[in-house]
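**Q** What follows is each chain in one-letter form.
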Amino acid sequence: MSKYGEKNIKAYGNNYTTMTPGPFAKFLRTCVVYQFIRFIIINLKMLVVVKKSH
Amino acid sequence: MARVVVLGGGVSGHTAATFAAKWLGKNHEVVVVTPNSKWNWIPSNIWVGVGQMTKEDVTFELEPVYKKAGITFKQAKAVSINPEGSESSVKPFVTIEYTGQGKAGSSENVEYDYLINATGPKLNFGATPGLGEGSNLGEFTVSVCTADHADHASHELQKCIDKMKKGERQKFLVGTGHGMCTCQGAAFEYIFNIEHELKKAGVRDMADIKWISNESFLGDFGVGGLHMKAMGFAVSSRIFAESLFAERNVDWIIGAHVNRVEKGKVHYELLDGTMGEETFDFSMLIPPFAGVGLKAYNKAGEDITSSVFAPNGFMKVDANYAAGSYENWKASDWPSTYQNPTYKNMFACGIAFAPPHPISKPMSSPNGTAIGPTPPRTGMPSGIMGKTVARSICDLILKGENAPLHKASMAEMGAACVASAGKGLFNGTAAAMTIYPVVPDFEKYPGTGRDTDYTFGEIGLAGHWIKHILHYMFIYKAKLNPGWTMIPE
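Chains U and S supply the protein sequences, listed in that same order. Quick note, the first sequence lines up with residues 615 to 668 if you use this note's numbering. Quick note, the second sequence lines up with residues 28 to 516 if you use this note's numbering.
So here's chain S without its partners, still in its complex pose:
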């Protein structure tokens, strides 16, 4: 009997664990270690953040679902990995620290045959003074990264709406809270949901709304921008995004590294080296991501963290980490099996794997400050990676250790994104986009790096309906309701 341990119960980890349990059956064991008792459909946190959904609408308890699937659930955070075991243990193991199930604070060593690291990120608020401490959100801004954060954001937003109704003008600042952030798409969706809600409340004329981000151009989205087919043209996402901002009267600051936050004000440095500050009454700034801080030890107990993890704390996999400068980057630098090069029974997927380099061209200010988006690894790609890794591990267990690994490179994978503003069935619109592949392949698709037959975007009710359907469909799937395997990632 083999034991597969999955660290993390987010999109990637949950997908990997549930498929592994289904394919392995009852002869093998799947264990999920996650500090949260609930699963969260993160894309809908945006709607929680504007009060159109409650946090209960976007979360559910994991334990009953895992019980149904025959998965062992441990509500705990992983602290360290011993991929060679230890002097007292032949088998590799993970040291975990419980956060619930009546055992909070107690530790346990969980042995494994195969390990999937899908911890997701540490929300590194502490990287920007004033944005927060460590992984905790500070007092000056709000966030939509978790359902609780989004719920808090919604209450703060309502306070601003109340003030505007009393005639007090309010200034909104939304975007990224550091020069090395990702997830611009989430902030993009949130700013237009705020704009929509203010319009709905009849106070739009009392609000100044501004975007601030580390993108070198609007519409970069951490993927170096994209060209999408529209009206017979291959249109840059820059035009697409700028048009939307102009139409909704939202101003922007780009190429910005927010280096300090204080009450009602952010300080930032721009790509040209100039410094600036911006005031706000309400601000949602996405924090940078880092690895969750897992340590690794060899059999003798020596610290091997730096050989298992990249400096940013994400786990090394089968990527080319020696690609060098932007001019040398290739699509083939990106990992396809997500297997750790040293310990073949360890895999990392979702945000937890260390990307070889960014997707957007790295830039820095004359002062040497790196300002540029880090690569997004969330949503659809994250789910596909989780399923692919689960399939590889199941083959290794069921067909033998020489079974070929399955592949899912982000350079050969597309993604569908829907950024919806509003929640009503007929009074909202959405920007629906697909991108193929996520990582541009300039050798295969000269010029744009993408196949423009499968990279498109448009604004309208249709995308808004799709966003609604995705919300209910993915929660249905994650609960393992009948037919869940038929719903694609």
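If we strip away everything but chain U, and leave its shape as in the complex, we get:
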């Protein structure tokens, strides 16, 4: 898993200038404790956007 995104980069191809996530970023995406906190934060942010839109 560690560098699985990097191997898809093709020199001077379409995706050569973008970024790919490292192992820690990948871990955080599926870390249940971290994601539960993000879940609350994202919901609150979305509620603010919804409130501002009505």
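Errors might be hidden in some of the hints.
Below, simulated DMTMM-like cross-link-like pairs (lysine to aspartate or glutamate); rule was C-alpha separation at most 20 Å, straight line [stated by the list, open to error]:
| hint | chain 1 | residue 1 | chain 2 | residue 2 |
| --- | --- | --- | --- | --- |
| 1 | S | LYS226 | U | GLU620 |
| 2 | S | LYS227 | S | ASP189 |
| 3 | U | LYS624 | S | ASP235 |
| 4 | U | LYS621 | S | ASP235 |
| 5 | U | LYS666 | S | ASP480 |
| 6 | U | LYS666 | S | ASP478 |
| 7 | U | LYS665 | S | ASP480 |
| 8 | U | LYS665 | S | ASP478 |
| 9 | S | LYS237 | U | GLU620 |
| 10 | U | LYS624 | S | ASP232 |
| 11 | U | LYS666 | S | ASP468 |
| 12 | U | LYS665 | S | GLU439 |
| 13 | U | LYS666 | S | GLU470 |
| 14 | U | LYS659 | S | GLU439 |
Label pairs and their calculated CB-CB ranges [unchecked claim]:
| hint | chain 1 | residue 1 | chain 2 | residue 2 | range |
| --- | --- | --- | --- | --- | --- |
| 15 | S | GLU90 | U | THR644 | 39 to 49 Å |
| 16 | S | GLY52 | U | VAL646 | 39 to 49 Å |
| 17 | S | LYS53 | U | LEU642 | 52 to 62 Å |
| 18 | S | ASN339 | U | LYS624 | 37 to 47 Å |
| 19 | U | ALA639 | S | LYS322 | 50 to 60 Å |
| 20 | S | GLY52 | U | THR644 | 45 to 55 Å |
| 21 | U | ALA639 | S | GLY229 | 22 to 32 Å |
| 22 | S | GLU90 | U | THR631 | 51 to 61 Å |
Hint data in this document are derived by calculation from the structure and do not stem from the laboratory. For every residue, glycine included, the Cβ atom is placed at its ideal position computed from N, Cα and C.
Starting from the structure of chain U, add chain S where the hints point.
**A** This is chain S only, laid out in the frame that chain U set:
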């Protein structure tokens, strides 16, 4: 007693009708005219399209819900509007043609005091030769625009998976099927759901997956892209999208107008004027949208369609249709009340209103072919517009014709988008995004056009859980179950 007629029972029309019925009570009548007997939570069609949900999971019968709400339901398609009435009718009316309820094919004139046009789009497959005929999907590609289309797509996808399991390499092509498409977000979500399913089936290494779209850059999404706050930076959605494509090993073709589809192959023209072709074993291409083809007639029976509707078939509202070139565009060009400028008792919301211009900068190839996304008007904005229009009409009925109209401009409105890959609670991830406002306001927010305090995006399980919750919450709300008004659009 006033009668409000709502054309269309999708997100915008259903929201407008149900709130109007609640606010008006039993002293007034709300009528919904829609050709479909079922309501469809369209965002979850993506999961139907990969076999993770059935079409029954994303639809329900409208008639019992409308009966509960005291709404008159007519399963019919609107054919024409007579906003001045006719020589034999003083009141304005809509001519409808039934598609069900045992009256299929028969016509009726439905008089109204107020009209809400929320028909949604015609899926214009016929605009691209080979993509389909008229509003019917062709035989070479699949679609996820309706629950039935998505169900069909799922079966085709399974056939490809079976072939890969037998050692046959397959090529997937997903994106937009014309230079003037919208809804790139739906195709974006679908391509990553396919990628996820192939990985789950253990055949990802047997698949080549490619994106094709009319966006001038990846991550445009029909809103001219966006900058979102991440890691202390205001990051372009281009980086966000390209990163995701690179990570999942999905290649892309952008700035493409698909001009012909044949069995296993698409032909396209790029923004630089070059022509190309791409082969596929499985392809899901979103069709361009057009108005549903409603006609309008004045009292004398003369055709006034061109004054009520824009050339693309969408209804004119309080937008600035004379904004001119991109350099002159302003946030204030966008409509806020959705009232027709000529007939004040007619409103249009959701996809049915004619936008003043695209959101993304319009581009064309040296050959003169317009290639660029048209503006999205679905989901959250669509629901908010429906509710706002219903509130205005209820005020006009209950407080008098001088009551001020409520406003909900897409240039002052945000949207939340969740593009989820996978369906399991712990094995899927999603890109969760909010954008505020949907239409960039470069005067108010110089540079990015958006408030980056409220425009963000991130990938993870959290967004995936939100997508699950939204699925159940919005179907619960649309069924008018207890507390439905507490759930925001």
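**Q** Now, for every hint given, state plainly whether the structure supports it.
**A** Quick rundown of the hints versus the structure:
1. S:LYS226 with U:GLU620: holds, 18 Å
2. S:LYS227 with S:ASP189: holds, 13 Å
3. U:LYS624 with S:ASP235: Between LYS624 (chain U) and ASP235 (chain S) the Cα gap is close to 15 Å, so the pair holds against 20 Å.
4. U:LYS621 with S:ASP235: holds, 15 Å
5. U:LYS666 with S:ASP480: holds, 12 Å
6. U:LYS666 with S:ASP478: holds, 12 Å
7. U:LYS665 with S:ASP480: Distance of about 14 Å is within 20 Å: holds.
8. U:LYS665 with S:ASP478: Cα-Cα ~15 Å, so holds.
9. S:LYS237 with U:GLU620: It holds: about 18 Å lies between the C-alpha atoms, which stays within 20 Å.
10. U:LYS624 with S:ASP232: Given that 20 Å is the threshold and the Cα spacing comes to 17 Å, the pair holds.
11. U:LYS666 with S:ASP468: It holds: about 15 Å lies between the C-alpha atoms, which stays within 20 Å.
12. U:LYS665 with S:GLU439: This hinted pair holds, its Cα atoms lying about 11 Å apart.
13. U:LYS666 with S:GLU470: holds, 18 Å
14. U:LYS659 with S:GLU439: holds, 17 Å
15. S:GLU90 with U:THR644: 39 to 49 Å: holds, 43 Å
16. S:GLY52 with U:VAL646: 39 to 49 Å: holds, 47 Å
17. S:LYS53 with U:LEU642: 52 to 62 Å: holds, 53 Å
18. S:ASN339 with U:LYS624: 37 to 47 Å: holds, 39 Å
19. U:ALA639 with S:LYS322: 50 to 60 Å: holds, 54 Å
20. S:GLY52 with U:THR644: 45 to 55 Å: Cβ of GLY52 (chain S) to Cβ of THR644 (chain U): about 49 Å, so the range 45 to 55 Å holds.
21. U:ALA639 with S:GLY229: 22 to 32 Å: holds, 25 Å
22. S:GLU90 with U:THR631: 51 to 61 Å: For GLU90 (chain S) and THR631 (chain U) the Cβ distance comes to about 54 Å; the hint holds.
Violated hints: none; the structure is consistent with every hint.
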